[in-house]
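There are 2 protein chains.
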Amino acid sequence: MRRRKPVVREERITLAHGAGGKATQTLIEAVFLEAFRNPMLAPLEDGALLRIGSEQTAFTTDSYVVSPLFFPGGDIGDLAVNGTVNDLAMCGARPVHLSAGFILEEGFPVADLRRITTSMAEAASAAGVTIVTGDTKVVQRGKADGCYITTAGVGLVEHPVTLSASRARPGDAVIVSGPIGAHGAAIMLARGEFDLEASIASDTAPLYGIVSDLLNALPQHVRCLRDATRGGVATVLNEVARASEVAVVLDEEQIPVAPEVTGVCELLGLDPLYVACEGRFVTVVDAEHAGQALDVLRAHPLGAEAAIAGTVAADPPGLVLLRTAFGGTRVVDVLVGDPLPRIC
Amino acid sequence: MRRRKPVVREERITLAHGAGGKATQTLIEAVFLEAFRNPMLAPLEDGALLRIGSEQTAFTTDSYVVSPLFFPGGDIGDLAVNGTVNDLAMCGARPVHLSAGFILEEGFPVADLRRITTSMAEAASAAGVTIVTGDTKVVQRGKADGCYITTAGVGLVEHPVTLSASRARPGDAVIVSGPIGAHGAAIMLARGEFDLEASIASDTAPLYGIVSDLLNALPQHVRCLRDATRGGVATVLNEVARASEVAVVLDEEQIPVAPEVTGVCELLGLDPLYVACEGRFVTVVDAEHAGQALDVLRAHPLGAEAAIAGTVAADPPGLVLLRTAFGGTRVVDVLVGDPLPRIC
Numbered sequence: 001m002r003r004r005k006p007v008v009r010e011e012r013i014t015l016a017h018g019a020g021g022k023a024t025q026t027l028i029e030a031v032f033l034e035a036f037r038n039p040m041l042a043p044l045e046d047g048a049l050l051r052i053g054s055e056q057t058a059f060t061t062d063s064y065v066v067s068p069l070f071f072p073g074g075d076i077g078d079l080a081v082n083g084t085v086n087d088l089a090m091c092g093a094r095p096v097h098l099s100a101g102f103i104l105e106e107g108f109p110v111a112d113l114r115r116i117t118t119s120m121a122e123a124a125s126a127a128g129v130t131i132v133t134g135d136t137k138v139v140q141r142g143k144a145d146g147c148y149i150t151t152a153g154v155g156l157v158e159h160p161v162t163l164s165a166s167r168a169r170p171g172d173a174v175i176v177s178g179p180i181g182a183h184g185a186a187i188m189l190a191r192g193e194f195d196l197e198a199s200i201a202s203d204t205a206p207l208y209g210i211v212s213d214l215l216n217a218l219p220q221h222v223r224c225l226r227d228a229t230r231g232g233v234a235t236v237l238n239e240v241a242r243a244s245e246v247a248v249v250l251d252e253e254q255i256p257v258a259p260e261v262t263g264v265c266e267l268l269g270l271d272p273l274y275v276a277c278e279g280r281f282v283t284v285v286d287a288e289h290a291g292q293a294l295d296v297l298r299a300h301p302l303g304a305e306a307a308i309a310g311t312v313a314a315d316p317p318g319l320v321l322l323r324t325a326f327g328g329t330r331v332v333d334v335l336v337g338d339p340l341p342r343i344c
Numbered sequence: 001m002r003r004r005k006p007v008v009r010e011e012r013i014t015l016a017h018g019a020g021g022k023a024t025q026t027l028i029e030a031v032f033l034e035a036f037r038n039p040m041l042a043p044l045e046d047g048a049l050l051r052i053g054s055e056q057t058a059f060t061t062d063s064y065v066v067s068p069l070f071f072p073g074g075d076i077g078d079l080a081v082n083g084t085v086n087d088l089a090m091c092g093a094r095p096v097h098l099s100a101g102f103i104l105e106e107g108f109p110v111a112d113l114r115r116i117t118t119s120m121a122e123a124a125s126a127a128g129v130t131i132v133t134g135d136t137k138v139v140q141r142g143k144a145d146g147c148y149i150t151t152a153g154v155g156l157v158e159h160p161v162t163l164s165a166s167r168a169r170p171g172d173a174v175i176v177s178g179p180i181g182a183h184g185a186a187i188m189l190a191r192g193e194f195d196l197e198a199s200i201a202s203d204t205a206p207l208y209g210i211v212s213d214l215l216n217a218l219p220q221h222v223r224c225l226r227d228a229t230r231g232g233v234a235t236v237l238n239e240v241a242r243a244s245e246v247a248v249v250l251d252e253e254q255i256p257v258a259p260e261v262t263g264v265c266e267l268l269g270l271d272p273l274y275v276a277c278e279g280r281f282v283t284v285v286d287a288e289h290a291g292q293a294l295d296v297l298r299a300h301p302l303g304a305e306a307a308i309a310g311t312v313a314a315d316p317p318g319l320v321l322l323r324t325a326f327g328g329t330r331v332v333d334v335l336v337g338d339p340l341p342r343i344c
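Chains as they are written, first to last, in full-length UniProt numbering: chain A, 1 to 344; chain B, 1 to 344.
With the rest of the complex left out, here is chain A:
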């Protein structure tokens, strides 16, 4: 597969450029990668691997602009900790240190800021990381939306394994660590734009513990790890299919989704495969060890409902296919547009 050089055709940034799908990918490749080109950035994994002295470390950052700031199961504070902690975990790195940059809108209630920092402190403690440095900027009313947070994280690579979206091979198993889409569904409901009542809490959680269990048990058999945030499981698996030049074939009936999430998605016309999770990941494991991987994940509280959701095939390379419950097969394309802006 020879790929054309990506080009941003739009003259102005759209919400789709932040959705994690096709437009985001193009923007990253055509603008950011083009300007900053270097071997550490180029793999476009969840974080960069850096050697510092004799230590292998991982370094990552994410900005959080979730709306609303508070929602069932969490808030922007624990999201900003867990999201960055999880990007380190996906590199096989134990999260150690975080930085936090706050952009506050004039008029933002100090009590809300306290609630957010308390939640960050609790999440940091639960994830075993320390927030060691920070910054605060304030912009005028109407130039932000209450509070934006950017965290960066430094982790120590404790598992000397090679994890990459490009390592999937035909025959491998695709495992999802638990029921998908709860975070995105919780945010949609919390916006109150729909007259829906459902009790869905975000799945936001720190994933290094469960990831570490998996890498300890099967250091040689895990091909890649990706947390299924913006763009959901579908987007992550499209990245794997493309980077590895393989097909991913999902079995709809095997993908764990909570009934409430399925219900809300049906009402809103969303496909749970594209809905963000903040405490779930996808891993590709070699076929022989898939059962063992599943056992390890299910032994952890965050993986109790882990499932083998599909397999890797040779053809058609670069595509994700879904075998539906009715026996049909359809292509699960990369996300186009942004059905759920500001989900994280």
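Don't read these hints as lab results, they were simulated from the structure.
Intra- or inter-copy, both count: the list cannot distinguish identical chains.
Dumping the calculated DMTMM-like pairs for lysine to aspartate or glutamate here, alpha-carbon to alpha-carbon at most 20 Å:
#1 Lys-5 with Glu-34
#2 Lys-22 with Glu-106
#3 Lys-22 with Glu-105
#4 Lys-143 with Glu-193
Since chain A is already given, all that's left is putting chain B on it; use the hints.
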């Protein structure tokens, strides 16, 4: 000096909370430090010192919300690189890796984003750092102001010296690395709110080279380093006076300020001592080695106009005093309010 526990009295965030002065200090101590309390964060220096394996590293972050995004001498892109690089330099650390998180407003011109990333790439190259990881979020129109950038940086501490605002001792010399206030004055003019014509360019520049020269020459005699950004030289020296429990006595006639900057400040009713620099730092050096320090700084292109601007005295502890050109003395207090919002 026994200090009372800081309390945020306002119910809502004001621009002053982002100005780097008294309100920022209170917010940091009463909200952020209170929630995140840990030994690495507690010193509230420009960055945190972390041991990674056998290496001593520094880690820092800053969010950039400067308005306008483009101004004479630079733009938000090189500012976001140099600002974070300089925070590492002030820890005696060679800047090595940067992360960059972008928060873009829907409708932001892609051409402007390209101009910013090109400028970041050039600044990174000039500073010897690599941008290794990043993130992009997009928010709806009216929820940001074009483009905000948060960078975090990792550096290697190459100078095994103890630098701290708490190390100034009576008799020490206070050195300013060059003419102050150009960045803030350039931004004010670039806003076009005043009918003023003056050619002032921002002083934005990476400072590790000149800092490294100083620390190489006088490893044992430099007490502290602070870049004089938000709140300017006055704010930095108030931090030193407070942390070291000493007085800082400045000599107005010895403080380097470009005539154009003095002129603009007079017209706008600003004191250059409070106006932000982005390529200048303040250092406190023991008296015996002040002359040598000055020679080292002046030998570097960024320090050609370095000057001994004052001295450290025992009394009154915690205060900064200015001996004016007319022979009087006045207190240079911590910044209250925000005369220049969104300067960086």
